[in-house]
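Each chain, written out:
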Amino acid sequence: MLRLDGVSKVYKVGTFGGKELHAVRDVSFDVKDGEVVSLIGESGSGKSTIGKMILRLISISSGTISFDGVDISTLKGDALKEYYRKVQGVFQDPFSSYNPIFKADRVFTMIREEFYPGIKGQEWGDKLQDSLRAVGLNPADVLNKFPHQLSGGQLQRFLVARALLLDIEFLVADEIISMLDASRRMDVLNLLADLKSTGLSILFITHDLSLGYYISERVVILYRGRVVEMGSTEKVYFNPLHPYTSMLMACVPRLDEKWEEVDVELRAKESEFARGCVYYERCPLAVKDERCARERPPLVEAEPDHLVACGRV
Amino acid sequence: MSLQVENLRVYYQTLRGDVRALDGATFTIEDGEIMGLAGESGCGKTTLGHSLIALTPPMRFVEGRVTLDDEELPVWDMERMNDFRFKRISIIPQYAMNAMNPTRKIGKMTSELLESRKVEYKSTLPELKRRLDLVELTHDVLSMYPIELSGGMKQRMVMVLSTLLNPSLLIADEVTSALDVSTQKAVSEMLVGFRDREFVKSLIVITHDISILYQIADSILIMYAGQLAEKGPTDAIIHSPRHPYTKLLISALPKVGVKYAERKLEGIPGNPPQLLDPPVGCRFRDRCPVAFGKCLEEPPFMEVEKDHFVACWKEFERNA
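Protein chains in written order, with numbering that gives the first Met the number 0: chain A, 0 to 312; chain B, 0 to 319.
One chain only, chain B, in its complex shape:
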C-alpha cells in the first residue's frame, strides 16, 4: 500500500476565519496506481496535492494522518518534510512553465537542486541524459536557459527533474491544461511511461479535464467543495457513476458527435457553497436533483462496491 490518507483536514487561515478547503479526506493509493483527481476550481484538489508535500501558510494543518510506504509523513512540519520531499514524494507544479530559475542554465540549476539533497550531480548525469532521451529532449538543454525552451519542452524538462530521484509518489498538478491537444497527449503518455518504467511508484494526476483521466488513470477521485464525493476505477466513474455530482459533471462534457442543434448539453446549475462557513450536511445538497431530508446530515465516504467509494445518502439507501 503506497499512500494512505486518513481524515486529512487542511484549512486556510483568513482574517474572517478558517476556509475549510480540505475537510476530511480518506483514501488509499496502491503501488503502481495512477489516480486522477478531478473537480471544479476551488474544490480543494490542488490543496490536497500540496498538503501532501508542502503545507505552507496560509494553509493550516488541522488533523489527519498520511502514510507513505508504511512510514508516517510529518506533513505538518515543513522542516522534517525536507527528508521526504523530492526524494520520496515529488510534485510537478501547476505552472511548470515558470517553475525553473530563469537566471541559471538548466544543468547548473539541476546540479544545485541535487546538491541540496546531498546527491552528486556527476554520478546522476548519465541517468539524467537517458531520461532526456526518453522525453525526446536533446542533451543541449542542459546548457540552455529556460527561456530558450518552448512551453512543451519546459513541461517535459520539469517532469524529468521532478522524477530524477525515483520518488515513490508523484503529484502532477494540471500538467496538461496549458498544452495543445497533440502535446497534451504526448505529455500524458509520458506520465504513464514514467510509471511503467518504475521511475515513480504511484501518481496523483490533478486536472479538471476528465477525458484526459479516462485515457491514463487507473482510478478517479472526484472532489466537491473540499470533500471527497466519489472514488472508483476509471471505467466505473465514467460509465456508471454513483454520485449525482459525478453524473452531472460527466454528462456536461462535450463530445465529438454532439451538436447544439441536436442535443443541448446542460451545465450544473448553481454555485459551489462558500467554504468559509460551509452548510451542514451534504455540501452538494443545494444543487442536487435527488436531495432529500437525510441530506441534512453529512454523508460518510463509504465503499458501495469493491474499490468504489461514494458519499451520497441516496446511493446508500438504494444499496441497502
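Chain A on its own, in the form it takes in the complex:
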C-alpha cells in the first residue's frame, strides 16, 4: 500500500548552497497492509529522512512515494488532510514532542479541532478513553497533567494514542523506543505489535537490530542513503550477504556472546570512490578490485525474498 520508487533526497549545503549532500539515494521498497518493516541504519544513513518524506515534512528531490496508488506529493488541501488521517508519525524524543507550557492532552484537543470539528463532547470523551486504554494507559492517571508530570514511556504512549484517534492505517515510528528504559521498552514495542495484528502497517525506524528483529517481518538495511540489503527478517539476520550487514550484526551488544575481534575500519573517510560501492572503504571482505571501486552494485535477488547490493554475490 505504501510504495517508494527510486526516492532520493538532495540537500543543498555550503555557504551559498553550492554543494550537494545526497541524504537518500534511489531508495525503493514497499510496505504492505498489516506489515511491519524495519528500516535499519546508522546515524546519517538517511533513515529519518525517509520517514519525514513519507510524512511530507520535507519534499522529495526525485522519485515517487505512493500511498494506495496515489502519489503523495500531489496531495493538496482536503486530500492532504485525508492523507494525514491515515498516515501519522511518532518520533524519538517524547519530551520535545510536547510544548511544556501546555498540558499534555493538548495534543488530543488539536486533533479534535482539526479532524473532528463537529463531534459531541461525550462521544469525544469515549473515543479518547478508548484510545488511551488501547495503549495501556489509565485515563484518570494521565489526563489533565503537564508533560513533566508524566514519564517518558507514558508520553510516548500518549503520542501513539493520538495517532490512534485518527483510525490510521500507516504509522511511521522513528526510534520511538530508544529514549525509554529497558523495562518500559517492551510495553511500547508490544503495543506496536498488538496494533499490527489489527491491520496497522508500521515503518519501524531504528538502529537497534534486536528490536527490529523482535517486531518486523521484513528489514531494509541502509548505508549512506542507499539500500544495501533488504528481505525477510530471518534471512537477512541469519544469512547477511552484504559485508556491511555482517559488520552491523557483529557490533550488536549481545547477552549470549561477547564481541569478537571484528577487523573493521570504523570510521569512513570522505569517499574517494563516489561512483563505486558505497561501502567500499569500510568493507572488510572486499577483494578490493577495480570493480568495487568503480561500479555501484545493483540490488539483486540472491534468493527468493532476499535482496542484496554487493558485487561479490
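Think of the hints as simulated: they come from the structure by calculation, not from any bench. Mixed in with the good hints there might be a few duds.
Claimed, not checked - Computed list of lysine-lysine pairs in DSSO-like fashion (alpha-carbon distance at most 30 Å, straight line):
{"no.": "1", "chain 1": "A", "residue 1": "Lys-11", "chain 2": "B", "residue 2": "Lys-263"}
{"no.": "2", "chain 1": "B", "residue 1": "Lys-263", "chain 2": "A", "residue 2": "Lys-234"}
{"no.": "3", "chain 1": "A", "residue 1": "Lys-31", "chain 2": "B", "residue 2": "Lys-263"}
{"no.": "4", "chain 1": "A", "residue 1": "Lys-234", "chain 2": "B", "residue 2": "Lys-258"}
{"no.": "5", "chain 1": "A", "residue 1": "Lys-18", "chain 2": "B", "residue 2": "Lys-104"}
{"no.": "6", "chain 1": "A", "residue 1": "Lys-85", "chain 2": "B", "residue 2": "Lys-258"}
{"no.": "7", "chain 1": "B", "residue 1": "Lys-263", "chain 2": "B", "residue 2": "Lys-305"}
{"no.": "8", "chain 1": "A", "residue 1": "Lys-126", "chain 2": "B", "residue 2": "Lys-263"}
{"no.": "9", "chain 1": "A", "residue 1": "Lys-102", "chain 2": "A", "residue 2": "Lys-31"}
{"no.": "10", "chain 1": "B", "residue 1": "Lys-258", "chain 2": "A", "residue 2": "Lys-31"}
{"no.": "11", "chain 1": "A", "residue 1": "Lys-51", "chain 2": "A", "residue 2": "Lys-75"}
Given chain A, work out where chain B should sit, using these hints.
Same frame as chain A, now just chain B:
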C-alpha cells in the same frame, strides 16, 4: 582496594522535602575493575556517580564515607574536592557532546584546563598526542572548534581529556547511549583499552544498556529506587541473577532471535516508588512477584556468595 563507599546517602532538597535519591550505598571497587552501574531512569545511578565527584546543590550530603586508595574523599566539600577532581577522580559526563567550551579551540581549552590544575600544557602535549592517536583522532583537532567534530569524535576527545592526568577512578556516565552500534562498540572497547593501558585504575560505567555491560564490565551493580539491589561478577548477574528485579530486567531485554510472534517479552509492570516519601521496607515490594510478609522490613545488602551481594529477603531465606 581502589574505591570504598560506605553507607553513602545523598538527598535532593526540594520545597516539599528531601528526595531520597541515594539511600545507603555500600560497595567496593578493586584496582583494575570495571564496574557497570545499571538501573531504570531515576534509580539514582547518575546521582551516585556525581556524588563521588561533584556534589552540587540541590544535592545534599547526608552521611557516608568514601575512600579512594586509602584516603578519605571529602565529597561533601566542593572546595577540598578540587585537589582530587580531574587528577585522582574524573568523569565523562552524560552529554559529553556538549561538554566542551564552544568558544575555544580544543587545544586552547585543554591548556586552560591543565593550567587550572597547575600542570604545564607543553610538557603534557606529547602524551596528549599519543592518546589522540590511540583513539584515532588526528592532531589537527587541537586547532579545531568543538563544532567541527562529529558526535563520536567529540565523545572520544572528551574521553582523552578526562583521563589525561591518569586518574585513579573514572566515571563514565551514559557514554554510549547516544551513539550508533558500531561507534558504541568502538567507544566501549576504548574504555577497556584505557584500563588495560593503566590510564585509569578502575572505572564505573553508568548505563541503562545491560548488554553493553556484559561486553566490557567485570562486575555489575544494579540499583533500584535509590538503593543497591544486587552486585556481582558480570556472568553471575547476566546468567544467574538473584534479585527478582534483576531477573525481570534481564528477561525483558530483546535479543536477536526472539520474535514477538514466537515469544512475547514482558516489561516490568508497575512504576518505581516516589522517592520523596519512599515506602518502608523493600522498595521493589509492590512490583515484586515473590514478595512476602518479611519484605515490610528493609533488606540489608548482603554477600550471598563470594563477591555476589544482594538485597532480598527471599534470597536470604533460600540460602539460610
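Outcome of the hint check:
no. : hint                  : result
1   : Lys-11/A x Lys-263/B  : violated (45 Å)
2   : Lys-263/B x Lys-234/A : holds (21 Å)
3   : Lys-31/A x Lys-263/B  : holds (23 Å)
4   : Lys-234/A x Lys-258/B : holds (14 Å)
5   : Lys-18/A x Lys-104/B  : holds (26 Å)
6   : Lys-85/A x Lys-258/B  : holds (27 Å)
7   : Lys-263/B x Lys-305/B : violated (35 Å)
8   : Lys-126/A x Lys-263/B : holds (28 Å)
9   : Lys-102/A x Lys-31/A  : violated (36 Å)
10  : Lys-258/B x Lys-31/A  : holds (19 Å)
11  : Lys-51/A x Lys-75/A   : holds (17 Å)
Violated hints, in rising order: 1, 7, 9; the structure is consistent with all others.
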